[in-house]
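Asks: The listed protein sequences correspond, in order, to chains S and G. Mapping to UniProt numbering: the first sequence position 51 is 51, numbers consecutive. Mapping to UniProt numbering: the second sequence position 45 is 45, numbers consecutive.
Keep in mind that the hints were calculated from the coordinates and are not lab data. Incorrect hints may have been included.
Just a sample of chain G residues kept apart from chain S, beta carbon distances all over 12 Å, derived [to be verified]: (1) 4; (2) 12; (3) 14; (4) 23; (5) 26; (6) 46; (7) 52; (8) 79; (9) 98; (10) 112; (11) 113; (12) 116; (13) 127.
Derived lysine-lysine pairs resembling DSS-like cross-links, with alpha carbons at most 27 Å apart [claimed, not checked]: (14) G/74 to G/13; (15) S/35 to G/92; (16) G/103 to S/35; (17) S/47 to G/145; (18) S/47 to G/146; (19) G/49 to G/85; (20) G/103 to S/36; (21) G/38 to S/36.
Quick partial rundown of chain S residues pointing at chain G, CB under 8 Å, derived from the structure [as the list claims (entries may be wrong)]: (22) 58; (23) 63; (24) 68; (25) 78.
Note that beta-carbon positions come from the ideal geometry of N, C-alpha and C, so glycine has one too.
Okay, here's what each chain looks like letter by letter:
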Amino acid sequence: MPVPFESLLPFAIIAGMYVVTATGLSVTRYYSNDKKPTRHGLDTWEKQMMERDRRLTGSLRGQSDSPIASAAFATNSIWYLEKQRNH
Amino acid sequence: MSANKQATFTHTKFVDPTPLPESVPKVDELGVTSAPLKSASFFIGQYCKEYNDDFMLCKSENNDPKHCLTEGRKVTRCAINLITKLRENCGKEFEAHWQCLEKNNQELSACRTPERTFNTCVFDKLGLEKKIPGTPEGSEQIHNKKNPVY
Numbered sequence: 001m002p003v004p005f006e007s008l009l010p011f012a013i014i015a016g017m018y019v020v021t022a023t024g025l026s027v028t029r030y031y032s033n034d035k036k037p038t039r040h041g042l043d044t045w046e047k048q049m050m051e052r053d054r055r056l057t058g059s060l061r062g063q064s065d066s067p068i069a070s071a072a073f074a075t076n077s078i079w080y081l082e083k084q085r086n087h
Numbered sequence: 001m002s003a004n005k006q007a008t009f010t011h012t013k014f015v016d017p018t019p020l021p022e023s024v025p026k027v028d029e030l031g032v033t034s035a036p037l038k039s040a041s042f043f044i045g046q047y048c049k050e051y052n053d054d055f056m057l058c059k060s061e062n063n064d065p066k067h068c069l070t071e072g073r074k075v076t077r078c079a080i081n082l083i084t085k086l087r088e089n090c091g092k093e094f095e096a097h098w099q100c101l102e103k104n105n106q107e108l109s110a111c112r113t114p115e116r117t118f119n120t121c122v123f124d125k126l127g128l129e130k131k132i133p134g135t136p137e138g139s140e141q142i143h144n145k146k147n148p149v150y
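Just chain S, same shape as in the assembly (with noise of 0.2 Å):
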């Protein structure tokens, strides 16, 4: 006798959870992306041109190609005056 739907009922929502968890995981990092795929493999360099670009456009991902900068960007960049711990 074949086998009864029924019995793949769990292994189909099972199935269905991984789809909406991770539907939901990639549209999420989508959109707070600037609607851009993310970035990955992100090394010391990549932040902290990542980090300039925030102080440039507001965004760590916003791109800009004008050739000079607003006049905020020459004293906007962050002191760090304590060691950064995680509590």
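Fit chain G to the known structure of chain S by using the hints.
Replies: The following block gives chain G in isolation, referenced to the frame of chain S:
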């Protein structure tokens, strides 16, 4: 004891808005963000080679920021100059290349097609050619290879 300790949970970052002293000549900062800068990097390296080398040599003498302000200003001005020229002459190809880089984790190997059109435009209009310094003699530049993988 705990009354003498400073609060360690600071929420605001410290930013110092005082500008440079008047004795330092004013120069505009480069406003190009990371993706267009990466796209134009080899051309900046070729166009501004003397100023960049001067700055690096000056820094290697003495790492104090005050020591190399003049050379630093020249580097900034040269880069601003080149970016302006790139935008005037090859604006569309430049934009296409760095938008492609932004979508691909800023990996140059993922964006060879827009890079080819951009490089030919820059070579025609400005005479700058992208050359990677470490390539072995005899083998083609990696961005020009038709089949880089096989």
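Asks: Take the hints in turn and mark each one as holding or not.
Replies: Now the hints, each set against the structure:
1. Residue 4 of chain G, annotated as away from the interface, keeps every beta carbon of chain S farther than 12 Å; the closest lies near 16 Å.
2. Look at residue 12 of chain G: its CB is around 10 Å from the nearest CB on chain S, not clear of 12 Å, so calling it non-interface is violated.
3. For residue 14 of chain G, the condition that its CB be more than 12 Å from all CB atoms of chain S is violated, with the nearest at approximately 5 Å.
4. The Cβ of residue 23 of chain G lies farther than 12 Å from every Cβ of chain S, with a closest approach of about 16 Å, so its non-interface assignment holds.
5. With a minimum CB-CB distance of about 9 Å to chain S, residue 26 of chain G fails to clear the 12 Å threshold, and the non-interface call is violated.
6. The Cβ of residue 46 of chain G sits about 18 Å from the closest Cβ of chain S, beyond the 12 Å cut-off, so the non-interface label holds.
7. Once the 12 Å rule is applied to beta carbons, residue 52 of chain G is consistent with being away from chain S; the minimum gap is 17 Å.
8. For residue 79 of chain G, the non-interface assignment is contradicted: its Cβ lies about 8 Å from the closest Cβ of chain S, within the 12 Å cut-off.
9. The claim that residue 98 of chain G lies off the interface is violated: its Cβ sits roughly 7 Å from the closest Cβ of chain S, which falls inside the 12 Å cut-off.
10. Every CB of chain S lies more than 12 Å from the CB of residue 112 of chain G, the least distance being 18 Å, so the non-interface label holds.
11. At roughly 18 Å, the least C-beta separation between residue 113 of chain G and chain S is larger than 12 Å, which holds for a residue marked as non-interface.
12. The beta carbon of residue 116 of chain G sits about 20 Å from the closest Cβ of chain S, which is more than 12 Å, so the claim that it is off the interface holds.
13. At roughly 20 Å, the least C-beta separation between residue 127 of chain G and chain S is larger than 12 Å, which holds for a residue marked as non-interface.
14. At most 27 Å may separate the alpha-carbon atoms for a hinted pair to count; residue 74 of chain G and residue 13 of chain G exceed this at roughly 31 Å.
15. A hinted pair counts as satisfied when its Cα atoms are at most 27 Å apart, and residue 35 of chain S with residue 92 of chain G qualifies at roughly 22 Å.
16. A hinted pair counts as satisfied when its Cα atoms are at most 27 Å apart, and residue 103 of chain G with residue 35 of chain S qualifies at roughly 9 Å.
17. For a cut-off of 27 Å, the pair hint linking residue 47 of chain S to residue 145 of chain G is broken: about 31 Å separates their Cα positions.
18. Restraint check for residue 47 of chain S and residue 146 of chain G: the C-alpha separation of about 32 Å exceeds 27 Å, so the hint is violated.
19. For the hint linking residue 49 of chain G to residue 85 of chain G, the alpha-carbon distance of about 16 Å falls within 27 Å, and the restraint holds.
20. Between residue 103 of chain G and residue 36 of chain S, the direct Cα distance comes to roughly 6 Å. Compliance with the 27 Å bound is thereby established for this hinted pair.
21. Distance hint between residue 38 of chain G and residue 36 of chain S is fulfilled; the C-alpha atoms sit about 18 Å from each other, no more than 27 Å.
22. The interface hint given for residue 58 of chain S is violated, since its Cβ lies 11 Å from the closest Cβ of chain G, which is over the 8 Å cut-off.
23. Interface restraint check for residue 63 of chain S: the shortest CB-CB distance to chain G comes to about 5 Å, inside 8 Å, so the restraint holds.
24. Taken as an interface hint, residue 68 of chain S checks out: its beta carbon lies about 4 Å from the nearest beta carbon of chain G, inside 8 Å.
25. Given hint, residue 78 of chain S at the interface with chain G, holds; its Cβ is 4 Å from that chain's nearest Cβ, closer than 8 Å.
Consistency with the previously given hints fails for numbers 2, 3, 5, 8, 9, 14, 17, 18, 22, ordered from lowest to highest.
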